[in-house]
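Q: Protein chains in written order, with this note's numbering: chain A, 135 to 356; chain B, 101 to 407.
Note that these hints are calculated values from the structure, not bench results.
Since the structure is predicted, the reported quantities are computational estimates derived from the model, not experimental observations.
Just so it is clear, CB atoms sit at the ideal spot from N, CA and C, and this is done for glycine as well.
Among these hints, one or two may not hold up.
As the list claims (entries may be wrong) - Some residues of chain A that are not near chain B, with every Cβ distance over 10 angstroms (derived):
{"hint": "1", "residue": "Leu245"}
{"hint": "2", "residue": "Ala284"}
{"hint": "3", "residue": "Arg340"}
Said to hold, decoys possible - With a cut-off of at most 27 angstroms between alpha-carbon atoms, the simulated DSSO-like pairs for lysine-lysine come out as follows:
{"hint": "4", "chain 1": "B", "residue 1": "Lys334", "chain 2": "A", "residue 2": "Lys302"}
{"hint": "5", "chain 1": "A", "residue 1": "Lys318", "chain 2": "B", "residue 2": "Lys303"}
{"hint": "6", "chain 1": "B", "residue 1": "Lys296", "chain 2": "A", "residue 2": "Lys302"}
{"hint": "7", "chain 1": "A", "residue 1": "Lys241", "chain 2": "A", "residue 2": "Lys154"}
{"hint": "8", "chain 1": "B", "residue 1": "Lys236", "chain 2": "B", "residue 2": "Lys313"}
{"hint": "9", "chain 1": "B", "residue 1": "Lys134", "chain 2": "B", "residue 2": "Lys109"}
{"hint": "10", "chain 1": "B", "residue 1": "Lys109", "chain 2": "B", "residue 2": "Lys303"}
{"hint": "11", "chain 1": "B", "residue 1": "Lys334", "chain 2": "A", "residue 2": "Lys141"}
{"hint": "12", "chain 1": "B", "residue 1": "Lys324", "chain 2": "B", "residue 2": "Lys141"}
{"hint": "13", "chain 1": "B", "residue 1": "Lys141", "chain 2": "A", "residue 2": "Lys336"}
{"hint": "14", "chain 1": "A", "residue 1": "Lys318", "chain 2": "B", "residue 2": "Lys296"}
{"hint": "15", "chain 1": "B", "residue 1": "Lys141", "chain 2": "A", "residue 2": "Lys302"}
{"hint": "16", "chain 1": "A", "residue 1": "Lys267", "chain 2": "B", "residue 2": "Lys221"}
The primary structure of each chain is shown beneath.
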Amino acid sequence: MIVAERKPYEEIRAMLAPYKKVLVFGCGGCVTVCATGGQKEAEILAEELKLTDAKDGVSREYVVKTVERQCEREFLAEAASEIGAVDAVLSLACGAGVNLLAEAYPKPAVLPAMNTTFLGVNDSPGVWVERCKGCGDCILHTTGGICPVARCSKNILNGPCGGTHDGKCEVSDEIDCVWALIVKRLTETNALDGYRRIVPPKDWRRGGHGGPRKMTREELIK
Amino acid sequence: MKSGSNLEKVLAAGQFAVTAELGPPKGSDLEVIKKKAAFLKGVADAVNITDNQTAIVRMSSMAAACAAIQNGLEPVMQMVCRDRNRIAMQSDLFGAVAGGIRNCLFISGDHPKSGNHPEAKIVYDIDSIQALAMAKRMRDEGKVLCGEEIEGKMPLFIGAAWTPLGDPLEIRPLRLAKKVDAGADFIQTQAVYDIKAFGKQMKVAGDLGLLDKVKILVGVIPLKGVGMARYMQKNVPGVTVPESLVKRLKDAGKEAAPEEGIKITVELIQKLREMPGVAGVHIMAIEWEHRVKEIVEAAGLLPRPTV
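Could you build all of it, start to finish, from the sequences and the hints given here?
A: Put into structure tokens, the structure is as follows:
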């Protein structure tokens with residue numbers, strides 16, 4: 135899923151300053167799953183904002199709504215009347231949702247309530263970790279299903295570097311050395327033979343360094 | 101000869117090589133290089149010019165290497181993968197050769213986390229092994245990575261680093277093999293204090309047939325005292341300092357510890373000299389350039405050969 139965390143409260147407050155009527159707009163997709171931007175979080179945020187407004191003597195109106203996914207125009211349309219009635223939409227979706235909102239609705243100010251962080255998984259209750267960089271050229275079949283592009287601090291494709299120690303990364307003892315994990319798995323599955331092969335330089339264009347990416351499915355284009 | 105560098109010639113002649121290290125200044129002051137160079141001239145066959153080591157901004161390794169040449173040293177220009185993409189790395193290699201640099205060593209580079217700009221955007225477009233293959237291709241095929249022809253020759257003696265006692269231990273000889281396959285002519289290792297453990301890794305490397313293909317210069321870092329030894333044990337990955345050495349420094353007392361450290365270094369060099377497959381030593385005397393000469397002298401390695 136796409137993992138996003140809510141921006142600091144004060145940053146959101148500052149963004150809202152010029153506006154009188156705000157839609158606090160939740161997303162039912164990834165941010166609901168990672169418990170940061172769904173209907174529940176949108177409601178809590180709106181209540182908190184109302185309380186602070188009352189305390190500060192600010193007069194501002196809030197509407198709360200959540201659609202299934204803000205990254206699809208059809209779902210956004212379900213909130214068209216609410217969006218049309220406010221001067222700012224505070225979106226709790228990931229950056230993709232915020233962008234589509236701005237593309238689809240030219241009038242209201244579009245404000246991000248979230249910092250979109252990574253493509254990841256739920257590691258344990260309350261903990262999400264990065265597992266994919268969307269590099270556009272998957273090599274997981276060669277690395278025992280463990281990704282050095284997403285998880286090596288130096289993107290090393292022929293690891294491990296000399297900075298690894300006790301299975302941890304030189305950047306932090308909190309970070310597993312992904313190459314230590316890869317080597318362990320390849321060894322345990324008798325797949326270490328491929329390790330001697332020198333992995334050539336990667337074509338980073340597919341990973342976003344060739345400009346914004348696009349996927350086209352001809353058969354779906356009407 | 102691949103490069104005609106002094107280091108290559110010394111190694112080719114079967115002489116036990118000595119390299120040292122010179123850290124460029126944190127600024128434009130060439131006097132720093134001049135001063136350090138004076139300590140190292142005639143003491144080492146070549147001197148590594150570090151590339152923004154520990155991710156702290158310093159004079160570029162290429163500029164400092166050119167300054168080292170002007171001060172009578174032969175440089176080993178270090179190049180990290182952290183700060184430049186393949187375009188900049190190849191461009192700098194052109195410039196380096198044009199400037200008279202003949203030895204170049206490729207490493208991943210310390211992560212900015214440990215440096216003075218931890219918020220920097222990292223590059224790591226290619227890794228150190230890919231960089232070795234790139235440099236070899238430039239030299240041997242006269243082509244840049246994309247396959248286009250290079251104007252002029254690229255006589256480079258290509259170096260790589262090796263952390264023989266890094267974790268996981270069993271992968272280290274294999275990763276050395278990858279570096280040799282990729283194009284490393286010589287290796288400079290991370291600091292070695294545990295001769296026995298290192299010897300075991302060298303045995304594995306020998307069994308893989310690597311020692312005939314690459315010249316291995318073993319890293320030695322003089323210990324200035326117990327504090328430094330403990331720091332190395334705790335904070336430098338892949339470096340183990342046996343307790344027997346720490347005890348010697350402790351027993352020497354605070355004042356005499358540096359001298360004991362020098363003595364230990366000399367003994368390490370002498371033991372390494374007897375180990376099959378060891379082609380030389382790489383003395384990393386961090387901000388201790390002025391003590392390198394006495395180490396090399398005490399190890400019986402002066403004068404340096406002229407080849």
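Q: Hint by hint, work out which the structure violates, then give me just those numbers in ascending order.
A: Structure breaks hints 11, 13, 15.
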